[in-house]
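Peer 1: Sequence:
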Amino acid sequence: MPGALTRRALLTAVPAVGLAAAVPGVAYAEELAYGAFRVVRRRPDVPGQPEITLPAGYEIVPGATYSVASRAEYYAFVRGPRDAAGIEVLVRWPDTPVEAVVHQELRLELRRDPADRHAFAFTLPMTQPTAGANEPTIQVWSFPDISPGMNYRVEHNDPDRVAGPWTTVPWPAGPVRSVIHQLVAAHAICRDSGLVEIAAAKGHRFVLMGFETNNTLHADNPPHWHISYNSGPDFNSPTHNPHLWLDSAGRNFYNGMDVTGLGRLKYYVGEPAPLYDFVGDANGGRGNLVLTFTLRPDGGIDIAPADGPGYAIAAGRDGGLVEEVTALRDGAPWLRITTDDRVRHGALTVRVTGLRDPAESYARVYRYDRLTGVLRRQRRHAGPTPSRRPGLGAGTVPAS
Numbered sequence: 366m367p368g369a370l371t372r373r374a375l376l377t378a379v380p381a382v383g384l385a386a387a388v389p390g391v392a393y394a395e396e397l398a399y400g401a402f403r404v405v406r407r408r409p410d411v412p413g414q415p416e417i418t419l420p421a422g423y424e425i426v427p428g429a430t431y432s433v434a435s436r437a438e439y440y441a442f443v444r445g446p447r448d449a450a451g452i453e454v455l456v457r458w459p460d461t462p463v464e465a466v467v468h469q470e471l472r473l474e475l476r477r478d479p480a481d482r483h484a485f486a487f488t489l490p491m492t493q494p495t496a497g498a499n500e501p502t503i504q505v506w507s508f509p510d511i512s513p514g515m516n517y518r519v520e521h522n523d524p525d526r527v528a529g530p531w532t533t534v535p536w537p538a539g540p541v542r543s544v545i546h547q548l549v550a551a552h553a554i555c556r557d558s559g560l561v562e563i564a565a566a567k568g569h570r571f572v573l574m575g576f577e578t579n580n581t582l583h584a585d586n587p588p589h590w591h592i593s594y595n596s597g598p599d600f601n602s603p604t605h606n607p608h609l610w611l612d613s614a615g616r617n618f619y620n621g622m623d624v625t626g627l628g629r630l631k632y633y634v635g636e637p638a639p640l641y642d643f644v645g646d647a648n649g650g651r652g653n654l655v656l657t658f659t660l661r662p663d664g665g666i667d668i669a670p671a672d673g674p675g676y677a678i679a680a681g682r683d684g685g686l687v688e689e690v691t692a693l694r695d696g697a698p699w700l701r702i703t704t705d706d707r708v709r710h711g712a713l714t715v716r717v718t719g720l721r722d723p724a725e726s727y728a729r730v731y732r733y734d735r736l737t738g739v740l741r742r743q744r745r746h747a748g749p750t751p752s753r754r755p756g757l758g759a760g761t762v763p764a765s
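366 is the number of the first residue of the sequence shown in my numbering; add one for each residue after it.
In silico SDA-like links for lysine to any residue, alpha-carbon gap of 20 Å or less:
| # | residue 1 | residue 2 |
| --- | --- | --- |
| 1 | K567 | T657 |
| 2 | K631 | A669 |
| 3 | K567 | I511 |
| 4 | K567 | D672 |
| 5 | K567 | G650 |
| 6 | K567 | N601 |
| 7 | K567 | P598 |
| 8 | K567 | L654 |
| 9 | K631 | W610 |
| 10 | K631 | S593 |
| 11 | K631 | D612 |
| 12 | K567 | P603 |
| 13 | K567 | G645 |
| 14 | K567 | G652 |
| 15 | K567 | T625 |
| 16 | K631 | T659 |
| 17 | K631 | Y619 |
| 18 | K631 | D663 |
| 19 | K567 | N606 |
| 20 | K567 | G597 |
| 21 | K631 | N586 |
| 22 | K567 | A647 |
| 23 | K567 | V624 |
| 24 | K567 | D557 |
| 25 | K567 | D599 |
| 26 | K631 | H589 |
| 27 | K631 | D667 |
| 28 | K631 | P662 |
| 29 | K567 | V644 |
| 30 | K631 | F618 |
Using C-beta positions, here's what the derived DEER-type ranges look like:
| # | residue 1 | residue 2 | range |
| --- | --- | --- | --- |
| 31 | D683 | G645 | 41 to 47 Å |
| 32 | D410 | T533 | 18 to 24 Å |
| 33 | G597 | G684 | 38 to 44 Å |
| 34 | A647 | D599 | 22 to 28 Å |
| 35 | G422 | D623 | 37 to 43 Å |
| 36 | D646 | P698 | 37 to 43 Å |
| 37 | F618 | R476 | 47 to 53 Å |
| 38 | G422 | P459 | 23 to 29 Å |
| 39 | E636 | T430 | 32 to 38 Å |
Hints listed in this document are in silico derivations from the structure and should not be mistaken for laboratory results. The beta-carbon is built from N, C-alpha and C at its ideal position, and this holds for glycine as well.
All chains should be modelled from the sequences, with the hints used to inform the complete structure.
Peer 2: Below you can see the structure in the form of structure tokens.
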């Protein structure tokens, strides 16, 4: 999806109609809009909130969901009359050095107050129709591959940014590591199997997503991830949306698959979960079989395309999925995958070892803005070029 639509639309977005009259100083005929900003501290510390001054007619959306403090930052959602040029927001945060203010995927220009070292101002665009449309402001996501048939993103989770339900539970260190290994494996499988090309030819897409620990608009708790299939260009299309729950060791133990028209179908270890394309009337109106997921006893996932061979995301050499995962093809080890996400430095390293063909081995560094997730460049280390490198289709960032 182009532009801001590369970020997931919030399914429970609040409609603007009927809210204008609730905002102080806003005439009922004016178009209501939303903006959001994230104030990032130079050093994490005890969660706190700055002093915020908004122009007349604007307010921070009421409720704890829309005004959130963590050790690393403070974010808030604003509503009021639409103003594409933006409104001036004044911030004063005594004894708290501020590194940046983020809006959507941009770092806003800060105007420091020469008379008050604790104060500054910035211009906040007020253009979005819902609070949820500002979700990119609070997320640090990277999109290694947005191309026909594929929407693949990686969440960069930081324990100093936890919000919502994540503030009441231990940091999910195992799932945070395991999910990125598994996303890389799932992307490789979708590419190598030809599933992406088949989906693209139908105008469909796969969506690979992890989980978020800082987003009060979408509380991904307990940790889970997705290999979703949209029978169309987005989530407004008929969709099979597996929610793959992870235990503390990063193992998949439950697949709650939301299917358009059927609600949530529940699958556990050893239970096949078929995914269809909603094309035609076969299979009770769900269309043709695309693939079947089956959770494995080792915590991985068997992925069987309708037209073989079968693939799997399986445990690594130590029997777990936190240090590494093994991708299987046609029942035999194919790739070994490890990842290392340095969220404080904005660098995700992916290492893939070809277990059958050394030409499929590579290491790649995805460098991203650590405050927004926007990819800067990739660095591919020495090694043979794999015959079908995942992630280098149209819409990806080329390796440097």
